[in-house]
Each structure stands twice: as structure tokens, then as C-alpha cells.
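Given the sequences, and given the hints that come with them, work out the whole structure.
Residue numbers (my numbering), protein chains in the order written: chain U, 272 to 487; chain P, 272 to 487.
None of these hints come from the bench; they were simulated from the model. Some hints here could point you the wrong way.
Chain copies aren't distinguished; within one or between two, either way the pair holds.
[Claimed, not checked] Result set (SDA-like, lysine to any residue): computed pairs, CA atoms no more than 20 Å apart in a straight line:
(1) K444 with N320
(2) K389 with P359
(3) K459 with N320
(4) K364 with T412
(5) K459 with L427
Number of protein chains: 2
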Amino acid sequence: MNIQLALDRFSVEEAIRIAKNAEDFVDWIEVGTSLIKEYGVESVRKIKNAFPNKVIVADCKTIDNAYYEFDMCFQAGADIATVMGVSPAATIKACIETANTFNKKVMIDLLNTTEEQKKELFQYKEAIFCDHVSKDEQEMTGKKNILTKQADDPLLQFAVAGGISLDTIEHFKDRMPSVVIIGSAITKAVDQRIAAEQFKKIILQWNEENQYENNR
Amino acid sequence: MNIQLALDRFSVEEAIRIAKNAEDFVDWIEVGTSLIKEYGVESVRKIKNAFPNKVIVADCKTIDNAYYEFDMCFQAGADIATVMGVSPAATIKACIETANTFNKKVMIDLLNTTEEQKKELFQYKEAIFCDHVSKDEQEMTGKKNILTKQADDPLLQFAVAGGISLDTIEHFKDRMPSVVIIGSAITKAVDQRIAAEQFKKIILQWNEENQYENNR
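Printed below as a string of C-alpha cells:
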């Protein structure tokens, strides 16, 4: 299970400083939508330059103009770019094609998708699916992520996002998604390095327990 | 009927130059999603500064983090900002609230919304609804905009978007949406001023005919 550190609502310089504090204990670094819309794709380039050996996720939340946006993100150094699952089918297809051309990956954000849309999307086995409770839903309705049932399909890679903290990460122990996306539980911690280390320790322990189970 | 000039896939400087050519014949100027994601919200600020007397639409295509994104767009000088109709209800609500706080407007993009979602969205009589065939659908499937039936509701304000040209604008003559969004038919024209003037002449003639009909 990889930890994706989500950087949102900061200046690019603050975001880099925070990620430097946490970098030893996180695997992927997400350039949040707010950074891209506030500072442009230059935010992706600067963060890739600051962390050339990390997997960089550009959370561009594409919903149209897919070739242009994905090309732009990959050219700027992103390893993964995001598209909304609620987009028209043509957009999803264009994202997959562009990622294949660059030998990079697509993360499909399942926010507000119907069961029917999900079924269509799950044909893309090469994608990572992000099961996502939005910031607005968290803040305004208190909705929590419980991870969709399809996340147990061993042929699909899943990421889980939405207000995950040291208290709530336990919910995902038995599900073991490929990626757990953590934002403010690290970025707003008094000591960001220690917070990241705590998450990493929990996940390493789960990995060990799983290995023990598998070897029994 | 207002003409909204959509500026996409240009540098901010090119976009301003193009809009200067067309400005006498367009009412609203849209800072396209591609400009916002490529250059950040600074693109909105620069275009508002270049056209302080035009209505500026920030096509930020918000789908989460609504307070932050709408606040950012309005602070940068946008008069209208866009939210995706496929967003969770909490996000739409937050956009409406933020626009009310700033005494500005929301454009709700109906791209890929279901009939059920549209019904929910039409409660917001103060919003402008954008009936939108996406770039990807136009280019990959040849889909054309036929304007949803609800656009005839006199209580709702509608904008229509998606590959509108001098050949296709005729389709909307009997429907008279509040806003017609035109991109490449002006921006890619050999003479952008003449192209904009042609659209304006057509619409002025429709307005006159309508007035004549109403006065009979």
C-alpha cells in the first residue's frame, strides 16, 4: 500500500517545504487541484523538480479537453494524472490513450459516479480508481469514505481519499487498497514528519501481517 | 442574447490580443479552463484588467473545494464562475453561496448530467445553465448541441456551447438562449474582428425580429 501525500491550498513553496518534511515516509506526492488552478501547471513542474524520484500525481480533475490537459501534465513531469469518472466516455478514452503514449498512468476519480458509470470505467484495468469523498461533502455533510465494494476485485487497483486520519485509516486494514491518499492529517500536523512516519508504520505493520497470513 | 467569447488553448497574451480584435462585438469574455490550468488564476486577473468593462467568465469547472475555488476566481476579478452539474449537491450549494456573498453569478455546466440531476439543479433560478457538448465529444464522436428542452423555460437562463459556427448558430434562432458561447469560430478565424461582427449582426437581426413579433 502506497501513501500519496495530497498538497492542497498552499503556495507551491509551502507545499514543497511540507513534502520535504514528510518525504521519507510517503511514496507518491499529489499536486492538488487547488495548486494547479491557482498557480497553473508550473506547480507540477516545480514539485517534480523538487522530488525527481517520487511518483508525482497531477490532480488536474480533467472532465474535457483531455489530450491537451494530459499532455500538459505529463510534459510538466507528472507520472499520473487524474480524470473525473463522471466525464463523457470520449474523455476517459482520450486520457487512457494519452497516458499510454507517454507510458504514464491515469487515475480515474469515482466522485459522484453511478454504478452504471463505474461498470463502464472498470474496463480500464490499467487505470487506478480513486474512491473519493469530496472536501465539500466532508465539510458540509460529514460523509466518510467506506470504500466501494469493487475495491476488493484483485484485478483493479484502488486509491482511497477523503479526510483519512490516524483514527480512520484502520477502516481500510482488511481492504488494503493500493494507495491511501492523505492530506491534512499530515500537512496540518504540528510535526509533519512524525505524522507521516506514524502512517507509514501502520501500513508496514499491515504489510507484515498480510505476508504472515499468506505464508501460513 | 449575449455572445460569450471562449478563449482556450492560447497563452494569456495571445488570448488578450484575440479578444481585443473581437471586443466590439462580444459581450462576455470567458477565460477557458485550459488557460486556468496552464497559467493559474492569474490568467483571470490579467484578462479582467485588460477588459475591465466586460463580464468575465472564469471557466474553472469546479467539482469540489467550491468555496476556495470560487473565492479565488471572484477575488481575481471574475464576474461569473463555472461549476460542473455532475458535482455533489454540497458543491453546487457552496458555489451559489459564494457567488451570493460576492454578488456575482454561477454558471452551472450541464455536461453529462442526468435528467434527475438537471431537475435538482434547476431549483437554482439565479444560476445560468450551460448546455454543453464537450470538446472531446465534438472531436471524437461528432456530437452536436441541440439545446435541452428545459431551455425553453422562461424562468431559466441558458447558455449554449460546443462548436458553434456561422453555419450552426441558426439552430438556436427559435430558442433564443440568454448566452451563446463561441470559441474557435472567432478565435481561429482569419479575421477575428469580422467573424465576431458577423455573429453580432445575426443576433441583432434576431432581436429585431423578435421585437417585431412581440409588438404585433
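Hint check results:
1. K444 with N320: neither (33 Å within a copy, 52 Å between copies)
2. K389 with P359: both (12 Å within a copy, 16 Å between copies)
3. K459 with N320: Cα proximity of K459 and N320: none, with 23 Å in one copy and 35 Å across.
4. K364 with T412: For K364 and T412, the Cα distance is within 20 Å only across copies (12 Å; inside one copy 33 Å).
5. K459 with L427: neither (31 Å within a copy, 43 Å between copies)
Checked against the numbered hints above, the structure violates hints 1, 3 and 5; every other hint is satisfied.
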